[in-house]
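Spelled out from the first residue to the last, the chains are:
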Amino acid sequence: MYSYTQEQLDSIKKVEATRQERLSNLHRRMTAEEKDEVLKNYHPDYIESAYETLKVGPNKGEKVLHELANLLQGNTRLDPAKIDLSKIDYDVDVLVIGGGGAGSSAAITAHANGANVMIVTKLRIGDANSMMAEGGIQAADKPNDSPAQHYLDAFGGGHFAAKPCLLEKLVKEAPDAIRWLSDLGVMFDKTADGEMVTTHGGGTSRKRMHACKDYSGAEIMRTLRDEVINRNIPVVDFTAAIEIIKDENGNAAGAVLQNMETGEILIARAKTVIIATGGAGRIHYQGFPTSNHYGATADGLVLAYRAGAKLLYADTLQYHPTGAAEPTQIYGALVTEKVRSLGAQLVNKNGEPFVYSLETRDVTASTIIRECKGRSNGVKTTDGEGVWLDTPMIEIIGGEGTIEKRIPAMMRMFGKYGIDIRKEPILIYPTLHYQNGGIDIDADGQTTLVKNLYVAGEAVGGIHGRNRLMGNSLLDIIVFGRNAGKFASQKCKEVTVGALTLSHVDNFKEELKEAGVDTGVLSPQLLPNYRRGDL
Amino acid sequence: MEKMVNVYFFGKKYQVPESLTIMKAMEYAGYQLIRGCGCRNGFCGACATLYRIHGKTELKTCLACQQQVEEGMYVATLPFFPLVKQVYDIQKVKPTEQIMMQLYPEIYSCIGCNACTKACPQSLKTMQYIAYAQRGEYEKCAEESFDCIMCGLCSSRCPAGISHPQVAILARRLYGKYIAPDCKHLIDRVTEINEGKHDESMADIMNKSLEEQKALYNTRDIEK
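Residue numbers (the numbering used here), protein chains in the order written: chain A, 35 to 569; chain B, 2 to 225.
Don't take each hint at face value.
Unchecked claim - Below, a list of computed lysine-lysine pairs in the DSBU-like style, where the Cα atoms sit at most 35 Å apart:
| id | chain 1 | residue 1 | chain 2 | residue 2 |
| --- | --- | --- | --- | --- |
| 1 | B | K93 | B | K198 |
| 2 | B | K225 | A | K69 |
| 3 | B | K61 | A | K457 |
| 4 | B | K198 | A | K457 |
| 5 | B | K185 | A | K439 |
| 6 | B | K215 | A | K176 |
| 7 | A | K520 | A | K203 |
| 8 | B | K209 | A | K94 |
| 9 | B | K185 | B | K86 |
| 10 | B | K225 | A | K457 |
| 11 | A | K527 | B | K178 |
| 12 | A | K224 | B | K57 |
| 13 | A | K439 | A | K48 |
| 14 | A | K203 | B | K178 |
| 15 | B | K225 | A | K241 |
| 16 | A | K69 | A | K224 |
| 17 | A | K97 | A | K543 |
| 18 | B | K225 | A | K414 |
| 19 | B | K185 | B | K126 |
| 20 | B | K209 | B | K126 |
| 21 | A | K74 | B | K209 |
| 22 | A | K525 | B | K198 |
| 23 | A | K414 | B | K198 |
| 24 | A | K450 | A | K407 |
| 25 | A | K69 | A | K439 |
| 26 | B | K57 | B | K126 |
| 27 | A | K372 | A | K48 |
Hint data in this document are derived by calculation from the structure and do not stem from the laboratory.
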């Protein structure tokens with residue numbers, strides 16, 4: 035059970051004192067100039083000191099966050115003395131690295147195409163951000179909607195930066211992705227006559243958010259996992275890929291694997307390789323908490339980069355404005371945007387509102403950070419600081435019972451720790467939610483610079499541009515997972531793998547040396563370290 | 002100074018802050034978790050855990066990422082539990098009572114002890130959904146089991162050897178594929194796209210200049 039600290043209790047009194055006035059007196063919306071200013075000064079993407087210029091590799095000269103630079107320019111985990119590329123442990127057509135929604139979709143599709151496919155994953159199959167997506171999955175399948183309308187929403191929402199050929203694929207293949215999942219037995223919310231129950235998401239102009247109650251990602255992921263097992267697709271779990279192997283022609287041809295528990299090194303040779311390793315929230319960029327899965331450590335970006343693949347928009351991340359800041363047990367967990375839609379306002383430690391509740395995600399997140407870091411108006415929490423989300427307003431505005439009816443999951447999440455969000459406000463702070471950028475691919479899912487290397491899911495860059503709309507990531511793991519599976523299994527029919535080599539790893543090491551870079555970091559990171567600091 | 006409590010991980014005593022979850026307390030104690038840690042948010046079922054409070058007889062179940070530590074807590078994590086998962090071809094099975102009898106006959110050995118229900122960290126009516134599965138009532142089984150995270154705690158307590166989560170996912174897939182009503186507007190849209198009926202409108206919007214695209218975006222009508 036959590037009890038608010040005395041300081042927090044004192045602050046709650048101030049929140050209660052201004053509640054009545056705030057009910058009728060909404061905070062005004064910001065002007066375009068004010069938004070630009072707060073973004074420029076407080077959005078984590080705009081903090082220049084958080085970034086550095088890459089000194090080696092395909093994106094040399096471009097800026098990325100320090101944490102990512104350290105990993106991209108980190109030292110290989112390979113011990114050359116222990117590697118024998120002539121001893122092949124796994125020999126397959128298609129090697130899928132990552133067992134989330136994208137990797138599983140890719141494997142199922144490649145298998146259906148007749149390929150000999152294998153999944154390798156550092157945790158278990160299904161341990162992925164896919165499993166945690168609550169909100170839903172977009173697809174323009176209603177009569178008043180169209181793929182073109184979906185394209186417009188996503189293109190604008192991503193600040194017109196999406197790679198058109200990727201976004202085109204995303205929206206055009208969305209309805210078929212839903213059909214494919216339904217055919218596998220995914221239980222979408224439907225009316226009695228079969229019509230999909232769809233709602234709006236932030237930035238959508240049509241109601242095209244499909245859902246499976248508030249377990250959308252879990253329902254999709256567990257179904258895909260079941261299908262992978264039914265097809266007897268080998269899943270090598272608790273085994274991480276630590277380097278891509280290439281052949282003498284410079285094409286991707288497998289991966290060096292390492293057992294997470296025993297440390298044993300294994301060699302996988304493949305005609306085509308699919309990277310589906312997901313996001314990076316557990317890197318905790320700029321010290322942010324995250325809504326992400328334990329294994330989200332940007333491994334795929336590191337593997338691909340060292341193998342010579344280029345990244346796109348690796349500098350941009352999505353910070354969801356309202357992650358739980360207290361109690362510590364759920365620090366960083368997502369508090370859905372719906373809480374604000376229903377009337378809860380953001381308030382600082384003095385009970386003062388500081389932003390209109392439904393500004394865009396990046397602007398709202400920035401104002402919260404400004405309140406805490408720039409104006410010292412944050413409330414001290416176990417893990418740092420936060421501001422109030424005044425949830426009792428929902429019951430006043432919508433009537434008693436609104437919270438239980440409309441956001442029962444949120445009520446349960448806090449109720450578990452003795453916080454009744456109907457009566458007490460909750461503390462929130464922005465949480466690291468999504469890796470907007472990733473590895474640069476073409477429409478066939480293949481990386482732009484390394485042949486026979488494919489990418490799917492959150493590890494891809496450019497599908498969404500510089501910001502992603504809710505419901506488009508569950509969609510992209512399916513569309514681009516299937517896409518990579520399809521093209522990688524087609525391609526492997528014409529591939530003859532040459533002699534295996536890791537010379538690119540040696541060359542990268544040389545480049546680091548020449549550039550005078552020594553981060554002292556081993557990468558890929560594989561797991562975060564949450565052990566107590568003094569150990 | 003934060004209040005500390007004594008907990009026992011696999012029988013070994015550690016002092017940890019009382020505010021921590023079992024998972025964070027293990028990390029505080031110095032464990033680098035590999036197994037038994039997944040989404041850390043209660044969705045993935047990786048961190049099934051058993052515990053008993055010193056001096057009490059009741060054996061409790063929980064998710065390590067969701068459960069706060071208590072004084073005198075003896076903790077054994079259950080990072081893997083051998084569930085029986087039968088393979089089947091979803092395109093060939095049919096939603097009949099027989100399919101459960103064929104694949105999971107052990108469900109008919111349920112003795113009604115309800116230990117599964119008591120063990121469920123999601124508070125599902127586990128024994129009830131198994132009863133629905135026995136009778137081939139897949140829609141009810143699917144609904145009742147929907148929040149299952151497949152952690153396996155139910156099965157770890159079952160004297161009949163039932164793999165409840167696997168029974169439940171079969172029921173949900175049968176329901177989702179065969180019993181839930183077909184979606185006509187979805188099939189129509191997929192057909193239209195396959196026939197190229199949206200190619201022109203897509204090309205039209207993609208070929209516009211950036212300025213025109215911005216104008217379109219900023220003035221688009223939004224469904225109420």
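Exercise for review: Just pull the numbers of the violated hints for me, sorted ascending.
Suggested key: Failing hints, ascending: 4, 12, 16, 18, 20 and 23.
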